[in-house]
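J.: Generate coordinates for the entire structure from the input sequences, incorporating the hints supplied.
Listed in order, the protein sequences are those of chains A and B. All you need for my numbering is the position in the first sequence, starting with 1, plus 7. All you need for my numbering is the position in the second sequence, starting with 1, plus 7.
Mixed in with the good hints there might be a few duds.
Any copy, or any two copies together, can satisfy a pair, since identical chains are not distinguished.
Each computed BS3-like pair below joins lysine-lysine, with the alpha-carbon atoms no more than 27 Å apart [as the list claims (entries may be wrong)]:
no.	residue 1	residue 2
1	158	143
2	11	158
3	143	62
4	62	41
5	139	42
6	62	42
7	158	145
8	158	139
Just so you know, these hints were derived from the structure itself, not from any lab.
There are 2 protein chains.
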Amino acid sequence: MSEKFIVETSARHVHLTAEAFAVLFGEGKELTVKKMLSQPGQFASEERVTIVGPKKELPNVSILGPFRSANQVELSATDARSIGIAAPVRESGDVAGSGACTIVGPAGQLEISEGVIVAKRHIHFTPEDAAKAGVKDKDIVWVRVETDGRKAILGDVVCRVSPNYATAMHIDTDESNAIGAGRNQMGEIVTVD
Amino acid sequence: MSEKFIVETSARHVHLTAEAFAVLFGEGKELTVKKMLSQPGQFASEERVTIVGPKKELPNVSILGPFRSANQVELSATDARSIGIAAPVRESGDVAGSGACTIVGPAGQLEISEGVIVAKRHIHFTPEDAAKAGVKDKDIVWVRVETDGRKAILGDVVCRVSPNYATAMHIDTDESNAIGAGRNQMGEIVTVD
Numbered sequence: 008m009s010e011k012f013i014v015e016t017s018a019r020h021v022h023l024t025a026e027a028f029a030v031l032f033g034e035g036k037e038l039t040v041k042k043m044l045s046q047p048g049q050f051a052s053e054e055r056v057t058i059v060g061p062k063k064e065l066p067n068v069s070i071l072g073p074f075r076s077a078n079q080v081e082l083s084a085t086d087a088r089s090i091g092i093a094a095p096v097r098e099s100g101d102v103a104g105s106g107a108c109t110i111v112g113p114a115g116q117l118e119i120s121e122g123v124i125v126a127k128r129h130i131h132f133t134p135e136d137a138a139k140a141g142v143k144d145k146d147i148v149w150v151r152v153e154t155d156g157r158k159a160i161l162g163d164v165v166c167r168v169s170p171n172y173a174t175a176m177h178i179d180t181d182e183s184n185a186i187g188a189g190r191n192q193m194g195e196i197v198t199v200d
Numbered sequence: 008m009s010e011k012f013i014v015e016t017s018a019r020h021v022h023l024t025a026e027a028f029a030v031l032f033g034e035g036k037e038l039t040v041k042k043m044l045s046q047p048g049q050f051a052s053e054e055r056v057t058i059v060g061p062k063k064e065l066p067n068v069s070i071l072g073p074f075r076s077a078n079q080v081e082l083s084a085t086d087a088r089s090i091g092i093a094a095p096v097r098e099s100g101d102v103a104g105s106g107a108c109t110i111v112g113p114a115g116q117l118e119i120s121e122g123v124i125v126a127k128r129h130i131h132f133t134p135e136d137a138a139k140a141g142v143k144d145k146d147i148v149w150v151r152v153e154t155d156g157r158k159a160i161l162g163d164v165v166c167r168v169s170p171n172y173a174t175a176m177h178i179d180t181d182e183s184n185a186i187g188a189g190r191n192q193m194g195e196i197v198t199v200d
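T.: Given below as structure tokens:
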């Protein structure tokens with residue numbers, strides 16, 4: 008259980024379908040890569056959208072590519088509360104009955120009746136690293152994170168195992184700030200009585 | 008070690024000196040009680056200020072009374088980052104070299120060269136409750152918080168013991184959101200190996 012992994016902070020972002028992107032940016036426009044992410048094939052794009060809630064809006068929100076089969080907006084609980092959306096803590100893809108919002112792009116806008124979530128903290132594992140850590144897909148674990156002044160052991164962390172992943176834990180900005188996570192922050196699975 | 012205590016969330020707020028209040032609201036104006044807080048004698052006031060940083064401002068920030076001997080602005084790390092202030096994690100009162108900002112009121116404004124902090128998480132204990140929990144003033148402990156979906160054990164929690172306190176743990180909004188704290192959220196000190 009002494010295998011350490013990197014703990015990365017996911018800022019607010021959206022995943023879009025190709026159809027949604029065409030509505031927001033116009034037919035024929037393309038999603039362009041700004042920066043490749045740690046998960047193989049995933050990237051932050053140059054294109055940005057505004058997320059509009061009943062109380063306020065969040066401009067300049069990153070679109071992560073490639074396109075997906077459903078639209079999903081991942082906010083921190085602080086974000087969601089600030090714009091007036093009730094967003095549940097969910098695993099990616101589990102959007103039934105989640106929050107509603109309006110997504111605004113330069114060419115159009117889209118109202119989604121569900122899809123706004125606060126991401127459940129999770130670890131992406133390669134099968135090899137999962138085996139070393141003694142976990143399997145969907146296991147729920149505790150992760151100890153040593154920081155300067157805000158140490159924590161985070162529970163309810165879901166393990167996700169796939170040969171398509173790079174091993175990394177993902178937390179949101181509330182979690183990152185709450186634990187004072189730094190660059191190259193490492194974590195490790197621990198057992199809690 | 009099975010003594011539980013309430014875990015309360017402190018939203019962003021300021022503490023002011025009487026002199027600072029006079030500058031911001033005008034000579035002769037009074038700080039008026041909106042709501043008494045859990046700590047004896049402490050209250051949220053009707054009066055509000057705007058906290059201005061290099062990038063942005065936070066309007067409508069609560070003043071907590073009574074007046075203090077130094078000005079102090081307590082923000083979440085999310086808040087501080089959003090308005091462009093580098094605010095360290097500190098105990099209340101430990102403001103040397105902390106963040107700078109401008110505080111704006113209806114009658115004037117005040118630049119402070121230090122005083123902006125992110126509050127270090129802490130537990131206020133009565134001497135009786137501290138004895139029951141087996142802690143003394145300035146002890147650093149781990150606190151387990153059971154929530155639905157974001158359980159956590161928070162380290163680097165400082166114990167503060169005084170007959171002037173009511174027993175309660177205080178965390179900021181980042182921490183509250185990160186652990187999914189609810190109303191009447193309870194916590195307990197645990198030992199971590």
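J.: If a hint holds in the structure, say so; if it doesn't, say that too.
T.: Structure-based check of each hint:
1. 158 to 143: This pair counts as both: shortest intra-copy Cα distance 26 Å, inter-copy 20 Å.
2. 11 to 158: both (16 Å within a copy, 21 Å between copies)
3. 143 to 62: neither (41 Å within a copy, 44 Å between copies)
4. 62 to 41: between (30 Å within a copy, 24 Å between copies)
5. 139 to 42: Neither, since 30 Å and 53 Å both go past 27 Å.
6. 62 to 42: between (31 Å within a copy, 25 Å between copies)
7. 158 to 145: both (25 Å within a copy, 17 Å between copies)
8. 158 to 139: both (24 Å within a copy, 25 Å between copies)
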